[in-house]
Structure formats: structure tokens, C-alpha cells
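Undergrad: Here the structure of chain A is known, so what remains is to put chain B in place on it, guided by the hints.
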Amino acid sequence: MNAIMRLPDRVLENALRLLALSSIAVLAAITLFVFREGAPLIWRVGLGNFLGADWHPTAGRYGIALMLVGSAAVTGGALVIGVPLGLASSVVLAELAPPLARRVLKPTIEILAGIPSVVYGFMGIVVVLPWIRRHLGGPGASGLAAAVILGVMILPTIVSISLDAIEAVPRAYREGSLAMGATEWQTIRRVVLPAARSGIVAAVILGMGRAVGETMAVVMVAGNAVQLPRSPLDPLRTLTANLALEMGYAAGDHRAALFATAMVLFTIVVALNGLAGLARRRPTRRSGGASGSTKTAVSP
Amino acid sequence: MRRRHHALLLGAMATVGSAACHRRAQADLTLAGSTSMQPFAEAWADAYGAEHPGLTVHVQGGGSTAGVQAALSGAAQIGMASRALTPEEAARTTSVVVARDGIAVIVHAGSPVSDLTLDEVRGIYAGEIVSWRAVGGRPTPITLITREEGSGTRAAFEALVMRGRRLAPRALVQDSTGAVRQMVASDPAAIGYVALGIVDGSVKALRLGGVRASEAAIDAGRYPLVRPFLFVLAGTAGTAVTRDFVAWIRGEAGQAVIRRDGLLPPGA
Chain A
1 MNAIMRLPDR VLENALRLLA LSSIAVLAAI TLFVFREGAP LIWRVGLGNF
51 LGADWHPTAG RYGIALMLVG SAAVTGGALV IGVPLGLASS VVLAELAPPL
101 ARRVLKPTIE ILAGIPSVVY GFMGIVVVLP WIRRHLGGPG ASGLAAAVIL
151 GVMILPTIVS ISLDAIEAVP RAYREGSLAM GATEWQTIRR VVLPAARSGI
201 VAAVILGMGR AVGETMAVVM VAGNAVQLPR SPLDPLRTLT ANLALEMGYA
251 AGDHRAALFA TAMVLFTIVV ALNGLAGLAR RRPTRRSGGA SGSTKTAVSP
Chain B
1 MRRRHHALLL GAMATVGSAA CHRRAQADLT LAGSTSMQPF AEAWADAYGA
51 EHPGLTVHVQ GGGSTAGVQA ALSGAAQIGM ASRALTPEEA ARTTSVVVAR
101 DGIAVIVHAG SPVSDLTLDE VRGIYAGEIV SWRAVGGRPT PITLITREEG
151 SGTRAAFEAL VMRGRRLAPR ALVQDSTGAV RQMVASDPAA IGYVALGIVD
201 GSVKALRLGG VRASEAAIDA GRYPLVRPFL FVLAGTAGTA VTRDFVAWIR
251 GEAGQAVIRR DGLLPPGA
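Residue numbers (this note's numbering), protein chains in the order written: chain A, 1 to 300; chain B, 1 to 268.
One chain only, chain A, in its complex shape (with noise of 0.2 angstroms):
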């Protein structure tokens, strides 16, 4: 019609473009905030000092190098733990069970996501450290105890996201696997999980961040003692954990120096995040790959 009977739409329109605009405003915010804080540290104590082994910040030392290795190790644990489990649990759901089993199983496990990692961490300090500390020796708390609660934490991640790249694989090639007298087991090794290749490294890598940024389950748990961890049974540090600890209060160049690690854990995050995206968007060769999967960011 005219302008005037358009305007509230207009209106409507900008708004929401402006909403659109904030989230990724808020980000820029972030990234602009942490970088601002922590990077001057760097520069001013050097890049040895800081990427070194030696973490004793009211010395003026502020290596986050054992920390770096304390996130790899856990990091690495959960995924050794968590993959298979994650990756078995979303074959059976998509091939296997059947459809009752599987209106129950996917929502249990979904629910996973939704339990507060405080109350991992709380589970972790009743159950799994007095386990370790009885059957295995050590004082419990340690690189296994958070492997095994984060293994645990990034299930819902990697099994919401490989079932839907084993389910976006068309059903034609399965029944062409099968008529071609291949049994179930062989349809789902050669023909349903290379097919659904691409979403599946996309939930390992989605996994791996969930893993990497998880905070309170870890502290409680992983026993966080600033040093080079020599077994699974070791206590160690990770880089979310030595922010959790110390940032209360910590003043001056300390404070500055958990802002340069929360850089480092800020930028691992982003990588991972943007590995996991070019992963789910490269076409897998025969299917097409796994396009329809849920968006699933990782959270810090």
C-alpha cells in the first residue's frame, strides 16, 4: 500500500536485525575484553615466561605450560572413554534398537547434557575419587578421575550429533549392502559409518571442546596441583580450572595472567568450534553428508 502502513514492519525488521546483531556483539565484546587484559602480559613478561613450566604468580612466574599439558591429558582421557561409548550408544540408536528402546534411550541420554557439572563434580568427589584412592592407589584425585567425569559429560554432545549423521545416510544404501548379501554388521563398518564419516569427526571435535572448557566438574575433581602429571593418577591442572581458582582474588599482573590463559583457552575453543563446522560442511563423498545434523556450539 504506502509507506505509513508499512512502518510497523519496518519496524519489527530492524529490531530483530538489531537482536541478530547484539549476540554477535557480545562476542566481539569478549574477544576484545580478554585480549585487551591478557595480552599486555605476554608482552610485558615475555612469551618464554609465560608459555613455561613454572606457575607462581605472586613470584612474578606465569607459565601456563603444565596447565596446557593438564588440559591435553584430560582432554585426550575423556575422549578415549567417551567416543566409543558415544559412537556405539548412536549405532545402536540408529540401526539396531528398536523403536521403543530407542524413545527411551535418546532423551536419557540427552538428559545428560542438562545435569548441572556441579553435580558431576559432586558425584566424582563421592563416587569416583574414594574408588580410585581404594582400588587404584594415588590420592584420588586426579587426570583419570576428571577423564572419567568429562567422558561421561561429553556423551550427549557426541551422541546427539553422530546419530543425526548416521540417520541423514540415505536408507537406499543400506538396503543395497544388505541385497548384496552383506550382513547387518558389515552394512553399518563399510557402508553406514563412512558414510556418515563427516558428522562423526564434527561430534569427536564438538566433543573435544565441551571437554576443554568444562570448569567446575574439573576443579572438583582433578585435584589441581600445578605439575607435570606422571600417570592417570596424578592430580593435575587445566587451564579452566586455574582461572576458576584464582581469579577471586587475584590483583595486578596475576589477575592479568589468567586473563592471557583464558586468551589461550578462548582461542582453542574458537579453533575447535570452527574445525568442527568445516568438517560437518565438506560433502562426504557418496551420501552428501550429513546436512541436516543439529547446530551444536561448544560453550566455554
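Honestly, I wouldn't trust all of these hints.
[To be verified] Facing chain B, according to a computed beta carbon distance under 8 angstroms, are these residues of chain A, among others: (1) Pro130; (2) Gly140; (3) Ala141.
[Claimed, not checked] Taking lysine to any residue pairs in the SDA-like style, the calculated list, with each CA pair at most 25 angstroms apart, reads: (4) B:Lys204 with A:Phe122; (5) B:Lys204 with A:Pro130; (6) A:Lys106 with A:Ser117; (7) B:Lys204 with A:Trp131; (8) B:Lys204 with A:Arg134; (9) B:Lys204 with B:Ser114; (10) B:Lys204 with B:Pro224; (11) B:Lys204 with B:Gly123; (12) B:Lys204 with B:Asp219; (13) B:Lys204 with A:Val127; (14) A:Lys106 with A:Glu95; (15) B:Lys204 with A:Val126; (16) B:Lys204 with B:Gly262; (17) B:Lys204 with B:Asp115; (18) B:Lys204 with B:Val135; (19) A:Lys106 with A:Ala168; (20) A:Lys106 with A:Arg197; (21) B:Lys204 with B:Ala185; (22) B:Lys204 with A:Ile125; (23) B:Lys204 with A:Gly138.
What the hints contain is simulated information worked out from the structure, not anything from laboratory work. Backbone N, C-alpha and C define an ideal beta-carbon position, used for all residues, glycine too.
TA: Chain B in isolation, oriented as in the chain A frame:
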């Protein structure tokens, strides 16, 4: 939709307005200094402010040394220091003990060890004594538990026990007094340190050189792990407002706050 837009706008304006009002409140009393004292000072400020409408108490951190400097420069009416003053600081200020912080060294309730010397505790935390057997316990490795860098309790422990020695890096780090107590309560090989006031039946507080960790022993000056929480005033007297605030803190209401969080009263 447009109406919702208005509501949002109104909400935003109300928020901005109240923030502006808040900023206009008078800054009547400012405390600055020790971060160990900061949580208590904030609790005092809330309770005192509730009893004295129109008067706002501001609390800032910065550390004990900065607190004394702030009191001297007038940036704060009251400086907070959680250590004894140096002779030079003491000469230029008046200080009042508002609380004392006793630290207990704790072990598992079932541990056969119940008495260590301060040197033994230092040796254990420095990583030289690694087995309980060396100090009369079972032949198991000692699990060290400490607080995070920046914690006031850790700073006090380092000053009073370690005396310049560095804590062994293999010590487990917990970020609260409660978490340390929980770890020690559940691990027969653990040793930790916490504020005396929160020791309960789940753990055992060690005697140090034969002296039990108790308020009586601290009053008698025999238990070594204690530090004063000081209010520092520039000059001698302070204003009527600061005098009333200090008197209130040393009174019943102020002492209830510190008791609740595990500190000890100023004593004689």
C-alpha cells in the same frame, strides 16, 4: 509488538535511573586493604549500613600494604591489614585488632598422628617429608592439600609456617576452606590447613609442638599459627563516624559476623 517495545524501553530507563541514584549516595566511610579481610568487611558493611540508613560503607581490596598506604594518604578512612604492622607503619598510625585468624593443621580423623612440630609441618609442605612413617604414622605417602595462590589463608600459612620455603608443587589445590576439610575428611593420608573456627568432628586438628589449637592457647600466646586482623587509622583518633564503626565491630553485632565465618574475637 510496539507496546512491548515501549515496555522494554521503560525497563531500560528505570535501570539506568536507579543506577544513577545509586551513584549519588554519599561515600561516608571507605575501607581498603587486605583481601583476606574483604569478605568480612563486606558483611560488616552490609549489617552496619542496614542499621544506619543514609550512610554507605565502601569496601575495597588491594592488600594489607596498600590498605595502610590508603589510610595514610586519606584515600580510605580505615585501612585493613591482616598482618602485624612494621615498626615504621605502626609509628604513623593507630591500629585496632578487630579479629584474629587462627589456622589449624588438620588430618584425617582416624590418623595415628596427632602432634607435629612446626618444623615437621614445614618439611611436609616443602616436600622433604613424604611419608607419614617419618613423623610417627603409617607407611603411606602424605597427600598435601593447600589453598590456591592469592588465598589469604594460604598467604598466612606461607608466612607463619613456610617462612620463605616454597610449597611443594605436587600439593593438591582446593579453592575453599570447606573443600579442603572435605578432602582431608575423606582421605586417611591427607594433611591440610583451615581457619580454626571451621574445624569439626570430621577431621582432627593437630597439636603443634604439643600445643592444642584452641582459643585458650591462642589467648595465652602459645599456639603459633595466628594472625591479627587490624583496622589502621591515620594519626591517633579518627572521626566520630570511624570510632562508632570500630566500636560497633568490636561489639556484639560485629563479632557475630566473624564468629559465623570461623574467625576469633580480638581477645584481651
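Undergrad: Hint compliance check: list the failing hint numbers for this structure, sorted ascending.
TA: Violated: none.
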